[in-house]
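Engineer: Sequences are here, hints too, so could you generate the full structure?
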Amino acid sequence: MPKVGGRRKKTRTHKEATEEDLDLIGQTPKAFILKRGKVSQTIRQLIDDYRDVMYPFTSMNLQESDKTKMKDYIQAAGYYLISHMIIMTQTNKNSYIRFIQNPRGPTFTFRILKYANRNEVLNAQRKFKSFSRVFSPPLLVMNGFQTDFQTDDPQKPTSDHIKLVGNMIQSMFPAINVQNTNPKTQKRVILFSYKNDKIYIRHYYISFNLKGIDKKMKKIIKANKLPNLSKYNSFSDFLQNNHQMFASDTEQSDLEELEIENKQHKTQQMSIRLHEVGPRLELKLYKIEEGFMQGNVVYNRVVSKTNKAVEKLRKIKRRKMLLKYKRREEQEQNVQKKTKKQDIQEFDNVNKKVKQQ
Numbered sequence: 001m002p003k004v005g006g007r008r009k010k011t012r013t014h015k016e017a018t019e020e021d022l023d024l025i026g027q028t029p030k031a032f033i034l035k036r037g038k039v040s041q042t043i044r045q046l047i048d049d050y051r052d053v054m055y056p057f058t059s060m061n062l063q064e065s066d067k068t069k070m071k072d073y074i075q076a077a078g079y080y081l082i083s084h085m086i087i088m089t090q091t092n093k094n095s096y097i098r099f100i101q102n103p104r105g106p107t108f109t110f111r112i113l114k115y116a117n118r119n120e121v122l123n124a125q126r127k128f129k130s131f132s133r134v135f136s137p138p139l140l141v142m143n144g145f146q147t148d149f150q151t152d153d154p155q156k157p158t159s160d161h162i163k164l165v166g167n168m169i170q171s172m173f174p175a176i177n178v179q180n181t182n183p184k185t186q187k188r189v190i191l192f193s194y195k196n197d198k199i200y201i202r203h204y205y206i207s208f209n210l211k212g213i214d215k216k217m218k219k220i221i222k223a224n225k226l227p228n229l230s231k232y233n234s235f236s237d238f239l240q241n242n243h244q245m246f247a248s249d250t251e252q253s254d255l256e257e258l259e260i261e262n263k264q265h266k267t268q269q270m271s272i273r274l275h276e277v278g279p280r281l282e283l284k285l286y287k288i289e290e291g292f293m294q295g296n297v298v299y300n301r302v303v304s305k306t307n308k309a310v311e312k313l314r315k316i317k318r319r320k321m322l323l324k325y326k327r328r329e330e331q332e333q334n335v336q337k338k339t340k341k342q343d344i345q346e347f348d349n350v351n352k353k354v355k356q357q
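Using full-length UniProt numbering, you'd call the opening residue of the sequence shown number 1 and step up by one each time.
Simulated from the structure, these hints should not be mistaken for laboratory data.
Be aware that one or more of the hints could be misleading.
Unchecked claim - Derived pair list, reagent style DSSO-like, types lysine-lysine, alpha-carbon separation capped at 30 Å:
{"#": "1", "residue 1": "K30", "residue 2": "K284"}
{"#": "2", "residue 1": "K35", "residue 2": "K163"}
{"#": "3", "residue 1": "K284", "residue 2": "K305"}
Structural biologist: Right, dumping it as structure tokens:
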């Protein structure tokens with residue numbers, strides 16, 4: 001406490017960001033999730049749910065309007081160090097989702113075959129009915145991207161376009177140091193599974209439970225309150241007489257067991273359970289482009305081209321790009337010439353006025 005009449009000095013309790021912290025923030029992948037064009041209400045809800053999946057490294061309240069162009073989003077992405085964009089569109093027949101790497105691509109276009117929002121997934125469950133945002137990013141789990149979808153043989157390598165898809169998905173989530181991370185801080189898992197030429201996306205919440213403890217005792221430990229024992233002679237009588245209150249609860253089977261250190265540096269056996277919180281997505285790769293929503297088409301599901309045709313298209317695009325650069329240079333030179341003429345004319349006019357005076 002300060003002296004009487006003295007002034008209290010406030011001490012800074014938070015740490016200032018160092019250069020290493022700023023470098024890590026710049027290297028962490030972040031994403032804009034938005035829509036383009038007119039979409040249905042279910043797709044808008046799916047966008048909000050996918051923002052919860054990518055939280056905290058995404059903008060939850062991104063202001064979207066029909067007047068905003070992609071150039072504006074790209075400029076804002078450069079200012080806020082946004083590394084990826086996820087864009088959802090809809091036509092009369094199908095819905096699409098694009099995974100784009102800023103600012104030059106590549107662009108991966110997927111057709112959405114099936115999807116379920118978060119509320120639909122939670123309502124289908126018996127126990128886990130609610131989900132709140134968790135500040136930690138999700139753990140990325142990838143399955144089937146190293147096998148051939150036609151034979152499901154792990155020895156046969158996958159095609160090149162599936163490898164590109166796997167690398168793109170991996171670049172959208174931050175890397176995790178397994179040695180330094182505490183397993184209890186990881187609260188979510190996102191699963192990308194490739195099977196039968198389709199990509200399945202699932203989002204799970206991780207719960208940790210004590211292992212080796214009776215089910216009735218777990219209920220009391222989770223409540224963090226002592227029960228009313230005034231009507232019973234001992235604690236064992238309470239457990240025996242109240243067996244009905246525990247009988248209706250059904251638990252999921254444990255996935256895995258871990259030994260985790262608590263605050264007293266004592267190891268405890270914990271069981272891990274996964275609760276699906278949504279959304280669900282079933283995708284099919286449609287097209288891969290080299291640039292940002294444009295450029296050479298590396299892969300197209302509908303149209304297949306030979307290597308010669310691809311080389312011809314590349315040459316045509318290079319010629320067009322060269323013509324654009326030449327026109328820009330000519331325009332800049334013309335503007336410089338005009339400005340020089342205007343400066344000379346202004347200078348001559350000033351000299352004439354001075355001589356007349």
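Engineer: With reference to the structure, classify each hint as holding or not holding.
Structural biologist: Going down the list of hints, with the structure as the test:
A threshold of 30 Å between alpha carbons decides the hint, and for K30 with K284 the separation of about 24 Å falls inside it, so the pair holds. Simply put, K35 and K163 have alpha-carbon atoms about 27 Å apart, close enough for the 30 Å limit, and the pair holds. For a cut-off of 30 Å, the pair hint linking K284 to K305 stands: about 20 Å separates their Cα positions.
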